[in-house]
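Taking the hints into account, I'd like the entire structure generated from these sequences.
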Amino acid sequence: MSQRMFRTAVPLVIILFAALSPAVRAHHSNANYDAKVEKSMKGTVVDYDWGNPHVLVIWDVKDPGGKTIRWTGDLASVESEQADGLTRHTLKPGDEVIMTVHPAKDGTPYANIIQIRRGDGTMILAVRSQGPKPAKQ
Amino acid sequence: MQKFAVATAAAMAALVGLLLAGAPLALAQASGLDVPLSIPGPGWKTCPRCENLSHIADDRKKANVDTRQFDAHDISGVWGDNGIRLDLDTLPPFTPYGKKLFDATKSTVRGINSKDPINICDPLGYPRLFTYNYGIEFIQLPGRTLEFFDYGHTWRTIWTDGRKLPADPPVTRYLGYAVGRWEGDTFVIESTGFDERSWLADGVGVAYNKTKGEFEDIHGFPHSGDMKVVENYKRLDYGKLQSTLTIIDPKVYTKPWVTSGVATLRPNAELSEYFCVPSEQIAFNAKAIVPTTGAPKGTTLGH
Chain A
1 MSQRMFRTAV PLVIILFAAL SPAVRAHHSN ANYDAKVEKS MKGTVVDYDW GNPHVLVIWD
61 VKDPGGKTIR WTGDLASVES EQADGLTRHT LKPGDEVIMT VHPAKDGTPY ANIIQIRRGD
121 GTMILAVRSQ GPKPAKQ
Chain B
1 MQKFAVATAA AMAALVGLLL AGAPLALAQA SGLDVPLSIP GPGWKTCPRC ENLSHIADDR
61 KKANVDTRQF DAHDISGVWG DNGIRLDLDT LPPFTPYGKK LFDATKSTVR GINSKDPINI
121 CDPLGYPRLF TYNYGIEFIQ LPGRTLEFFD YGHTWRTIWT DGRKLPADPP VTRYLGYAVG
181 RWEGDTFVIE STGFDERSWL ADGVGVAYNK TKGEFEDIHG FPHSGDMKVV ENYKRLDYGK
241 LQSTLTIIDP KVYTKPWVTS GVATLRPNAE LSEYFCVPSE QIAFNAKAIV PTTGAPKGTT
301 LGH
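So the sequences go chain by chain: A and B.
Numbering-wise, the first sequence is residues 1 to 137 according to my numbering.
Numbering-wise, the second sequence is residues 1 to 303 according to my numbering.
Simulated from the structure, these hints should not be mistaken for laboratory data.
Yeah, the Cβ is synthetic: ideal placement off N, Cα and C, and Gly gets one too.
One or more of the hints may lead you astray.
Each computed DSS-like pair below joins lysine-lysine, with the alpha-carbon atoms no more than 30 Å apart [to be verified]:
1. B:287 to A:92
2. A:36 to B:228
3. B:255 to B:228
One side only, chain B facing chain A, incomplete, derived with CB under 8 Å [as the list claims (entries may be wrong)]:
4. 35
5. 38
6. 50
7. 51
8. 102
9. 106
10. 110
11. 134
12. 274
13. 276
14. 280
15. 281
16. 291
17. 292
18. 293
If you want a taste of the chain A side facing chain B, the calculated C-beta under 7 Å gives, among others [said to hold, decoys possible]:
19. 32
20. 56
21. 80
22. 82
Spelled out as C-alpha cells, the structure:
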C-alpha cells in the first residue's frame, strides 16, 4: 500500500469503525467519551440501573493508594442491551467485575462501557452485537 | 474516483485484517446467534431492537423474505428498528426564519443537545418518529391504517375512508392529522396540523464531523406549524418497504426535503414498549448527562 493510499485508507477505516459505533443508534452522542482510549479496571458493582434511556452501571475501584473511586458507566437502551445479551438480572450490587471503557475526555470517572467481564474473566458483554447498520435502512 | 475505490478497498481490507487479528476490543467478540434471543417465553417474540444482526439475518432467511409471495397492497407487519435518518445530502437551504429556528436549537452544553425535547420526554412527534423509532408496525383496517411505534409506545391513525385533511384544524397535534390512499402499488400518506414544538430529528447519527471524527449533537432540525408531510410506501418484495418522506415547509425550508430509504421486515419481532419515563429520565440526566457535559448542576435540559 502506497503512503498516499494509506493516508486515504486510514481515515476511511476510522469512519467505518465510527459507523459501527453504538453512537449511531444511541439517542445522544458519545462525544464526551474518548473513543481512542480503552481503559480496563477491576471493581465492585454498586448499582445496576436497568432503565432507559440508557442502562447505567456504577462500580467502585480501589486506586493504588487505597482510595475508592466510584465510576458511572453508560450503556445503551434496555432494548438495545437485550440484543447484547444483558437482562435485568445480569448484574447486582456486590458483583466483582472487570470493566473496559472509553473514559470521559475530562478525566472524571464517567465512561462509555465497551466490555464487561465477571471477576473470573467470564464475558458478560462484548459491545456491540447490534453491529453496523447501513446509513439508510 | 478510481483512487477512492482503491482506497476504499484498501480500507475494507485493513478492517477485515483488524477483525481477523481480533485487535479491536469492541469488535473482537462480535456476538451473534450465540447471544440468547430475548423473549419472555414460548410463543412470545423478541422486540425489533432486541435482536442482534445475526438474529435478524437468521429470522429473515427462515421467513424467505427475499422470495416469498406478497400482496403489493399489504404493508402490514413490523418494520425496522431504528427509523430512517434524514438525508443531509438533500437538505434544502433554510429560509431566514428557518435559520433562526435552527440556530435556536443549538446546544448549550457539549456531547448532547441540551435543547433536545427528548431529554425531558416530550413527545417526539412526527416525522421524528419516522427518523427514529425502534421499529414500527402497520395494521390495515377498513377505513384506516394504524401505525404503531415502539418508541413512545404510541400510534397514529392514517384515515383511508376518503376524508380530506383539515384546512384549519382546531388544535395542532404532535403526530398531525393523516390521510392515506393507494396510487398503484404505492401507499401515499399526507399529513398536516403539526405541533411546532417537535423536531424532525436531532444531530446524532445525522451530522458526522469528519475533522473531529465524531457524531455531533449540536443542532436539531426544526419545522413550523404549517409543515405538510407526504410519505410514499411501496413494498419492493416481501421483506423490503421502500419509504420516502417529503417535508414541505416553505416557512423553514426553501424547497421540499426528500429522504428515501428501505425499511426491512422483522418477521420474528413484535413491538415492545419503550416509554420515555420522566422520573427515569430525570435520574439519568443527573447521573450521566449533567456530570459529563460540562453543564452546571441544576441545568434544565430540554429547552
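message: Run through the hints listed earlier and report the numbers of any the structure violates, in increasing order.
response: Per hint list: 2, 8, 9 violated.
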